[in-house]
Amino acid sequence: MIDNKGFALQFHWLFILIAGGIILVFFFSVAGKQKALSDEKLSLSLVQSMDAIFEMAGAGEGTSQVIPLPKNGLGFSCTGTCDCFVQSGSARKSFGNNIIFSEDEVKAPEVIVWSLPWKVPFRVVNLIFVSDPETRKIFVFDDSPFAKDLKDKLAEIIPDNIIFEQMSFAEFNSVSFDGSDLTKVFFVGNSRPFIPSAFQGKNIELLSINPQVLAFYDVQGSSLVPYDFIKYPADITWILAAMFSADKNMFVCGLKSALQRLNLVAKVFSDRAMFLAEKTDEMGLECAYPVDELDDLITENVVGLSDDDLFSSISRINSVRDSLVVRNDQLIERSCPELF
Amino acid sequence: MSGLVLSCFRLLNTMKKAQMRVLESVAVLIVFFILMVIGSSVYFGMQNSKLKKDRVVFEDSEALRALVKLQSLPELDCSFASAHTINCFDLFKLQAFSNLTKSESAQEFYYPLFGDAVISVKVVFPLERNFTLYDVHPVEFKSLVRKTMPVLVYDPVLSRYYFGLSELIKYA
Numbered sequence: 001m002i003d004n005k006g007f008a009l010q011f012h013w014l015f016i017l018i019a020g021g022i023i024l025v026f027f028f029s030v031a032g033k034q035k036a037l038s039d040e041k042l043s044l045s046l047v048q049s050m051d052a053i054f055e056m057a058g059a060g061e062g063t064s065q066v067i068p069l070p071k072n073g074l075g076f077s078c079t080g081t082c083d084c085f086v087q088s089g090s091a092r093k094s095f096g097n098n099i100i101f102s103e104d105e106v107k108a109p110e111v112i113v114w115s116l117p118w119k120v121p122f123r124v125v126n127l128i129f130v131s132d133p134e135t136r137k138i139f140v141f142d143d144s145p146f147a148k149d150l151k152d153k154l155a156e157i158i159p160d161n162i163i164f165e166q167m168s169f170a171e172f173n174s175v176s177f178d179g180s181d182l183t184k185v186f187f188v189g190n191s192r193p194f195i196p197s198a199f200q201g202k203n204i205e206l207l208s209i210n211p212q213v214l215a216f217y218d219v220q221g222s223s224l225v226p227y228d229f230i231k232y233p234a235d236i237t238w239i240l241a242a243m244f245s246a247d248k249n250m251f252v253c254g255l256k257s258a259l260q261r262l263n264l265v266a267k268v269f270s271d272r273a274m275f276l277a278e279k280t281d282e283m284g285l286e287c288a289y290p291v292d293e294l295d296d297l298i299t300e301n302v303v304g305l306s307d308d309d310l311f312s313s314i315s316r317i318n319s320v321r322d323s324l325v326v327r328n329d330q331l332i333e334r335s336c337p338e339l340f
Numbered sequence: 001m002s003g004l005v006l007s008c009f010r011l012l013n014t015m016k017k018a019q020m021r022v023l024e025s026v027a028v029l030i031v032f033f034i035l036m037v038i039g040s041s042v043y044f045g046m047q048n049s050k051l052k053k054d055r056v057v058f059e060d061s062e063a064l065r066a067l068v069k070l071q072s073l074p075e076l077d078c079s080f081a082s083a084h085t086i087n088c089f090d091l092f093k094l095q096a097f098s099n100l101t102k103s104e105s106a107q108e109f110y111y112p113l114f115g116d117a118v119i120s121v122k123v124v125f126p127l128e129r130n131f132t133l134y135d136v137h138p139v140e141f142k143s144l145v146r147k148t149m150p151v152l153v154y155d156p157v158l159s160r161y162y163f164g165l166s167e168l169i170k171y172a
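Chains as they are written, first to last, in my numbering: chain A, 1 to 340; chain B, 1 to 172.
There could be a bad hint or two in this list.
Facing chain A, a subset of chain B residues (Cβ under 7 Å, in silico) [stated by the list, open to error]: (1) P74; (2) A96; (3) L113.
Covered, in the sense of this in silico footprint (three residues per stretch, anywhere, with C-beta under 8 Å from a C-beta of chain B), are these stretches of chain A [unchecked claim]: (4) 89-98; (5) 119-127.
These are calculated hints, taken from the structure and not from any lab test. The beta-carbon is built from N, C-alpha and C at its ideal position, and this holds for glycine as well.
With the sequences and hints as input, model every part of the structure.
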């Protein structure tokens with residue numbers, strides 16, 4: 001039997017346990033609410049700053065800016081269905097209308113954001129290239145005319161603040177490892193890629209660029225295994241896009257986004273050409289606007305395009321681009337309003 | 001009422017010492033919790049109002065950014081022979097773009113850029129014309145931000161510039 005004193009003592013401890021539990025639950029709920037609030041605030045400010053950076057880079061043509069990054073760094077990824085995201089910690093934001101090519105993870109305190117316009121021949125969109133300055137980037141050129149031509153074009157187009165090392169195959173064979181977390185190597189030409197002994201077992205990404213095919217390589221021990229190929233038009237814009245992409249998927253998604261954007265821009269230019277044709281006709285001017293050629297820039301069902309279809313679409317667009325340049329020059333010669 | 005108070009006093013008088021202590025502890029706890037609840041509700045209220053203010057600033061800057069971004073769209077800008085005229089829209093591109101964005105697929109494409117908003121460009125001098133460039137407005141909204149910006153509108157046929165106003169109404 002428990003006497004009154006014993007009962008009071010047990011009640012006392014029970015009371016302390018319940019009251020303590022309630023106080024703990026209360027503080028946990030306060031802390032949880034505070035965390036939710038600060039998370040919302042953080043994601044709001046992150047989204048705001050990321051949007052501003054990429055949208056302004058997208059709006060400015062050919063600009064290259066150094067941007068400070070949040071402590072967590074930034075992650076870039078695209079799913080198989082081309083839902084592309086930029087991520088910092090738990091905060092995630094879709095690329096939206098921006099077309100971004102980047103490494104999958106950038107951890108440096110600052111990053112270089114470079115925008116390059118894609119023109120057909122009028123500007124369609126500014127492609128955004130994100131470069132981690134702490135990643136070592138090496139071009140390895142062979143002696144082919146393609147490699148020589150690309151070397152000159154790259155030197156002309158890549159901004160000074162994105163550092164690339166350039167070397168021959170022989171020089172690359174004896175190159176030393178500098179301790180970089182990641183080394184990206186771009187083999188340009190028809191020669192077979194390889195890994196020098198200094199880089200074996202290190203984190204290295206390889207892309208082989210020849211006149212017809214881009215090949216993404218996986219490094220397994222000391223051997224190279226090509227895991228993805230894509231035929232591409234030997235166009236400097238898309239070579240750069242592949243070089244800055246984390247993988248083939250990001251490259252293909254960017255290419256498809258650019259084609260979707262082109263569909264809209266081409267529709268506007270085509271309608272504008274029709275309006276101009278009507279107006280100039282009313283004024284008695286003989287101006288022939290290439291409405292059909294502008295319509296040829298439009299690609300149906302971009303989302304479902306296979307790799308080969310993508311290649312043929314870009315090739316078709318490139319040939320229309322060349323013809324539009326000629327047609328625009330003819331319009332200028334006849335004192336007609338320009339197409340672009 | 002006085003009857004109830006009297007009966008409470010009678011109950012207290014009849015209680016034992018231990019019962020009184022327990023009642024005291026419970027009363028202290030109740031007061032403690034009431035103070036905590038009041039304190040935290042004031043704190044979270046302040047945090048919420050700060051967050052709301054931040055959101056207003058965010059929406060305001062978003063609206064302004066969308067308006068600036070609008071001017072750099074190749075679908076609308078005045079650029080000839082690679083030369084881009086700042087703060088300028090092409091008259092015929094305005095017409096073509098307003099036709100284009102009537103389609104659902106085009107609205108879907110531009111939604112990540114402009115969100116729930118109505119964007120228009122009004123040519124005010126020397127001729128008067130209005131182009132609704134984008135119109136996606138929600139049925140219900142909490143607030144709206146309106147931004148206007150003076151722009152030039154270029155007529156490529158007559159090689160003439162007109163004065164206009166671009167307006168964005170952003171819903172949240």
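> When the hints from earlier in the document are held up against this structure, which numbers fail?
Replying inline: none
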